[in-house]
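Protein sequences, first through last, are from chains A and B. Using this note's numbering, the first residue of the first sequence is number 1, and each one after it goes up by one. Using this note's numbering, the first residue of the second sequence is number 1, and each one after it goes up by one.
It is worth saying that the hints were derived from the structure and are not from the lab. Positions of the beta carbon are idealized from the N, C-alpha and C atoms, including for glycine. Heads up, a few of these hints could be off.
Far from chain B, some chain A residues (derived; all Cβ distances over 12 Å) [what the hints assert, rightly or not]:
id, residue
1, N20
2, T98
3, D159
4, Y174
Here are the simulated DSS-like pairs of lysine-lysine, each with C-alpha atoms no more than 27 Å apart in a straight line [claimed, not checked]:
id, chain 1, residue 1, chain 2, residue 2
5, A, K115, A, K96
6, B, K97, A, K218
7, B, K66, A, K29
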Amino acid sequence: MSIQIQAIQQVFHKHVVLDNLNLTIEPNKIYGLLGRNGAGKSTLLNIISNRIQPTSGRVEIDGESVHDNDRALGKLFLMSEVDLYSERSKVAQLFKLTAQFYGDFDFDYAARLAKAFGLDTNARFGKLSTGYRSIFKLILALCVPVNYVFLDEPVLGLDANHRDLFYQELIETYSERPRTFVISTHLIEEIANLIEHVFVLDNHHIVVNGEVSDILAKAYLISGPQTDVQQYTDGLNVIGEDHLGSITAEYVYGALDNNRPIPDTVQIEHLDLQKLFVSLTNTKEASGNHEH
Amino acid sequence: MQFNFNSTEPIYRQVADQIEEAIFTRTFAEGEQIPSTTEVSKEFHINPATVLKGMNILVDAQLIEKRRGVGMFVIAGAQARVVEKRRNQFYDDYVKKLVSEARKLHLTQAELSSLIERGFSEQ
Numbered sequence: 001m002s003i004q005i006q007a008i009q010q011v012f013h014k015h016v017v018l019d020n021l022n023l024t025i026e027p028n029k030i031y032g033l034l035g036r037n038g039a040g041k042s043t044l045l046n047i048i049s050n051r052i053q054p055t056s057g058r059v060e061i062d063g064e065s066v067h068d069n070d071r072a073l074g075k076l077f078l079m080s081e082v083d084l085y086s087e088r089s090k091v092a093q094l095f096k097l098t099a100q101f102y103g104d105f106d107f108d109y110a111a112r113l114a115k116a117f118g119l120d121t122n123a124r125f126g127k128l129s130t131g132y133r134s135i136f137k138l139i140l141a142l143c144v145p146v147n148y149v150f151l152d153e154p155v156l157g158l159d160a161n162h163r164d165l166f167y168q169e170l171i172e173t174y175s176e177r178p179r180t181f182v183i184s185t186h187l188i189e190e191i192a193n194l195i196e197h198v199f200v201l202d203n204h205h206i207v208v209n210g211e212v213s214d215i216l217a218k219a220y221l222i223s224g225p226q227t228d229v230q231q232y233t234d235g236l237n238v239i240g241e242d243h244l245g246s247i248t249a250e251y252v253y254g255a256l257d258n259n260r261p262i263p264d265t266v267q268i269e270h271l272d273l274q275k276l277f278v279s280l281t282n283t284k285e286a287s288g289n290h291e292h
Numbered sequence: 001m002q003f004n005f006n007s008t009e010p011i012y013r014q015v016a017d018q019i020e021e022a023i024f025t026r027t028f029a030e031g032e033q034i035p036s037t038t039e040v041s042k043e044f045h046i047n048p049a050t051v052l053k054g055m056n057i058l059v060d061a062q063l064i065e066k067r068r069g070v071g072m073f074v075i076a077g078a079q080a081r082v083v084e085k086r087r088n089q090f091y092d093d094y095v096k097k098l099v100s101e102a103r104k105l106h107l108t109q110a111e112l113s114s115l116i117e118r119g120f121s122e123q
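Please model the complete structure; the sequences and the hints are all you need to start from.
Below is the structure:
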């Protein structure tokens, strides 16, 4: 039981978007899919859900190819930024339409969510604001009977209160019926503790793939006078640096040298996920020193 | 319960520390039920598996126990156990730092002792 993404290559107009990408998505886990604008996150999600065909490679769900396979595709749901719904349809009608495709739908839960978010189910989809379009799509994502839910920019246009409510509902429904969620978002701080596993897509490749706690355990911020810091970090995997007056901060991703004494002037802390992400995907930094 | 998260310690460790603190201050009294994994998870947007990992540290330390189908409860004697643990750690957690900082400031042992006496008399 899993989704296997095998050797996916995507080329648009001779431009490589995804290069030999391999991933495994396991059951009942909450994943984060992070990447800068244009990194290929949406392309990857569209390939997984068979909305676009990869140039080469394949995607399997529980051992079956998703390519033109309604049974396999019925096991996943992709909520994306793109609006696939008729502008004239009412929200309640779209719930029913979704129920038809997926064979089932949690109408009670959808009604509760619509009430909690203040979504009028008699409103036509075309009349909804950006935020309420997102809310409508989120409700579909949480109420379909699938085991793999992909959320592409789920909180687009949502105010802070609605984002808070969404994260709470996500945890509630996940606790009641564990299933896989893959969340692609730019609001890293908001999901940093929510996700168990993180993928970082950069420069057409997956540059980070692991449990968040393991990843952060080997992400360090080392600060102090420049010469002392540089002496300490010499030979380590330095992924970025900042300067504030005579103080230097270097970001290290990977093991430290335990045999090396830490100078009194040097402080070692852990990076948070957002800072690690920014350092790893900063185009100013030389590429090629990323850990795979 | 108040959570002040920072990035230097793993989140599961911080969950354990915060609940332990609440047991120490008797915010969670002995015999009382503590918030469920889902409640903590929802409130602070933390993955339920992470919260559970933190709670299991406290189960192993015999501070809380799981009652099937009901939830987690503070064990009788848990508060005293936290006090005992903190007393054992007091030298490492506080005294070492105090002496190290005093040395940097060129405070003598006598001066430091008199400051400690002052602390006791003023509080």
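* Asked: Of the numbered hints stated previously, which ones are contradicted by the structure, given in increasing order?
  -> Violated: hint 4 alone.
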